[in-house]
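S.K.: Using the sequences plus the hints, can you model the full thing?
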Amino acid sequence: MSDYSPTEMLVVAMSRAFRDGEVIVMGAVPAVPLAACRLAKALHAPGLTYIVGGSGTVNPTAFPSSSCDPSLATGVVALPLTDVVLLEGRGDILDVFCAGGLQIDAHGNCNLTAVGDWARPDLRGPGSVGLPFLPATRRSVIYTATHNPKTLVERVDFVSGPGHPREAGDRRPYQQEGPSLVVTPMANLGFDPESHRMRLQSVHPGHTEPEVRDATGFDLGSGYPVAATTPPSDRELNLLREIMA
Amino acid sequence: MSDYSPTEMLVVAMSRAFRDGEVIVMGAVPAVPLAACRLAKALHAPGLTYIVGGSGTVNPTAFPSSSCDPSLATGVVALPLTDVVLLEGRGDILDVFCAGGLQIDAHGNCNLTAVGDWARPDLRGPGSVGLPFLPATRRSVIYTATHNPKTLVERVDFVSGPGHPREAGDRRPYQQEGPSLVVTPMANLGFDPESHRMRLQSVHPGHTEPEVRDATGFDLGSGYPVAATTPPSDRELNLLREIMA
Amino acid sequence: MTPRFLSASEAVAELIEPGLSLGVGGMHSTAAPMAVVEAVVRSRIEIGMLVTSPSTSIQADLPIAAGLVRQILSPYVGFEHLGLAPAFRRAAEAGELEILECDEGSMTHALYAGAGGLPFIPCPPGVELTDVPGANPAYYRRTVDPFDGIEKVVVPAVRPDVSVIACLEADHDGNVAFGRFPFTDRLLALAGRKLIVQVERVVDRITPGESLPAFLIAAIVVAPGGCRPTASPGLYPADEDGLRAWIRAARTPEGAAAYIEALS
Amino acid sequence: MTPRFLSASEAVAELIEPGLSLGVGGMHSTAAPMAVVEAVVRSRIEIGMLVTSPSTSIQADLPIAAGLVRQILSPYVGFEHLGLAPAFRRAAEAGELEILECDEGSMTHALYAGAGGLPFIPCPPGVELTDVPGANPAYYRRTVDPFDGIEKVVVPAVRPDVSVIACLEADHDGNVAFGRFPFTDRLLALAGRKLIVQVERVVDRITPGESLPAFLIAAIVVAPGGCRPTASPGLYPADEDGLRAWIRAARTPEGAAAYIEALS
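Chains as they are written, first to last, in our numbering: chain A, 1 to 245; chain B, 246 to 490; chain C, 491 to 754; chain D, 755 to 1018.
It should be emphasised that the hints constitute simulated quantities derived from the structure, not laboratory data. Fair warning: there could be bad hints in the mix.
As the list claims (entries may be wrong) - Okay, the calculated beta carbon distance ranges per label pair: (1) A/ASN148 with C/PRO508: 57 to 63 Å; (2) C/PRO714 with B/ALA318: 19 to 25 Å; (3) B/SER478 with C/ALA735: 37 to 43 Å; (4) C/GLU507 with D/ILE904: 24 to 30 Å.
To be verified - Facing chain A, a subset of chain D residues (Cβ under 10 Å, in silico): (5) ALA785; (6) TYR830; (7) PHE833; (8) GLU834; (9) ARG843; (10) ALA846; (11) GLU858; (12) SER860; (13) CYS877; (14) PRO879; (15) GLU882; (16) PHE937; (17) VAL976; (18) ALA992.
The beta-carbon is built from N, C-alpha and C at its ideal position, and this holds for glycine as well.
M.R.: Spelled out as structure tokens, the structure:
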């Protein structure tokens, strides 16, 4: 087994969550979901479709840092950004929205707008961009490179991207699954089907359950099984390194 | 002076109404306004812009029968039809809408939808298409190849394209001039600035004022001067025949 | 999801259930998906609501002549310089067709709303001065503009159950290139709950330019010449003799029936 | 109407009056009209409302750093993988910038409404579940959907007084070719009451593809390299060192001021 970086584990874990035939959409800073999509498509999901927001390119083989990089124009097909915006609102065509935030909370809400009071924030983020479209996608996969109590909080200070309903009566406009997975460098996390609160799914190699719980700013609950994440295989790693080269 | 056809007189009369720098838009069956635009641009309005609806082509030199003919793709620039639709609603960018109808009434309303009762019409036309955009264009130029009392009526059976207000209090969404000219094979007609009713402007060569009044299904009023339309010049005719060849 | 490559008859049988709303592309007599439209007519599938481009011709007149159209939402049915649409005209004058009167602007915006999940959409000013809203009060309604407090005319989002458009070519993965002005066919395609694309040919790599990705498409129908008698830009112009033949035949119900019979 | 070929400073002086709303194109760090933006900053023209693409970077951060932006309507100001926008962040955290909080969907639709004369436009579902409308209640309002009787979130049409976008090239008549993905710059161009297009070069005949006709354009600014440090697709990539130099400089007001001083 090769050595691998936390980012490689993150990408591999994310790629395993994509199912054959799904249509994935990602926005700014696409590196992690783009690598995960390409890996999934090469390995277990040949029918995967992935759209890099900004440029609207479908299934690009370029690997740029920016979602609007001119190198993306080499894709076979691109949707105009205005069409991507339309489809994001349709509610029946996109399967997975890859989301993140300055804060992610116990119900899977994402905050990319402001930490602290919105009017005088402690940290102003870029803004909500496409995150309000989350409830119009069948499910969302949330990822963060920073698993710590400042990022994973009980309740976000500002909801940019809606997660699961906090109250049983909260209505959603479409019949969607909501956030299905949160991937971090330490663990995979899912959601309790009853309470819709985040809970541990599997701990990545090199980390322990108590360590993950300590790094999380809310109670992950207990009384459920927690697995060990299967480490990246040589095949996954080799392919991933080709993709990210 | 050459002989010329009623259609040639119609096109020449229309072309003279276009002023340098204006932006003209036309829809289905573009032959007459398209020829008139090209003639105007060649003669007195070099800065004219004309847009053939359907295809959205700007200043095409093709001369097709259909507004969507593939030959229009040879224009330097085309606006997507969806952009043409947007601009038609903007109210501040298009100068002249070239309109027509099964019926045209004393206030310049056009009916391309239904003659008789809408639910059981005597004559069903194609529909209103873009005519409801007329009030969002600075002015409209109306034309018809059939100057008779069935076409030129006191009041249209169905308003597809709005003309001037019938009542003084009728509001218009934009500050526009409304219909400025009606061109027929017999005459040019304008509108009384007070009553907004159609009246004679000039009678084409070969026709007389009483003949035009007889061919019109409403009272054209009196007590104002009526000119004789200047016949097409050789230069106009030669150019026009090149354009329509 | 990858589109399936089906014959016109298969696509119609598998995707278009009787009574559905059907969006049919092509503008005037250019790029109408006639192979699929004729398959609908041959299969005698009733269309609950026929939704068209802002201007349509034989792609609407043919199914109307076949008695298959319950309602039509279209701002223009006709043949431009060739004349009025004979079947549409006859059905309308006989009161045998439910015409959902509409206009180009509101219809285009309604498709935009349908494509984007917008529940409804306001019209640009102008249509309230016409008789169009009064002829279709279920579609043209009013609501308060909360920015100036004044009522404005709005229309609902339009989402055909199935949209059918004609493009130039598909690759083997099912991506398609328009190879032409898209008119409103992009919006019609995006607004449809399912999408059938008729193409002239299959190629290894589609022409750069306006395209649609495979994941949006349920079925691709390869039909060379399948836009005739309308034009397929770059390949063949509109067959005006063919269009005139329809207009002549459809002047009578018997003539239209004979024309339709000959399609089989 | 034909566009005038002006220098960036001339275009700014003649078309952008202090206090106007200004729409600035370019998406993330691609195709930002920096020559014109820098001319605005050099001329110290106050921008009443800065309207951006759904995602913007230095084309917004620079005028904010110069203290010229009263209000900003933007769903994203940042530098993607390079980090947060330093001037935007500092101004926001100090409460010195009026942020009209918005999101990508409603903003794109608001530009569509502005381009088309639609008075307002409903949002697709989703945004009502966020804190965005509450942060900008003047923009996100509600009205009754007359088709189901339920209140929906709507936003007003957005029409910048002047829009500025960057394209690849113009011909001598003033027609321009994008030469790139248009992102939302077509809508921004169509929504603007006046339009300035910055181009890299003038050619005899523009490249086929996405284009805008001369009659829509008030002024063309020929500025080779004028998108730097952002990318001009086909000609040069984003200058990441240049973007990083801004991010570093703008960490302090003094650093930003020195950077801006050096523009003159």
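S.K.: Which of the listed hints are broken here?
M.R.: When the structure is compared with the hints, only number 17 turns out to be violated.
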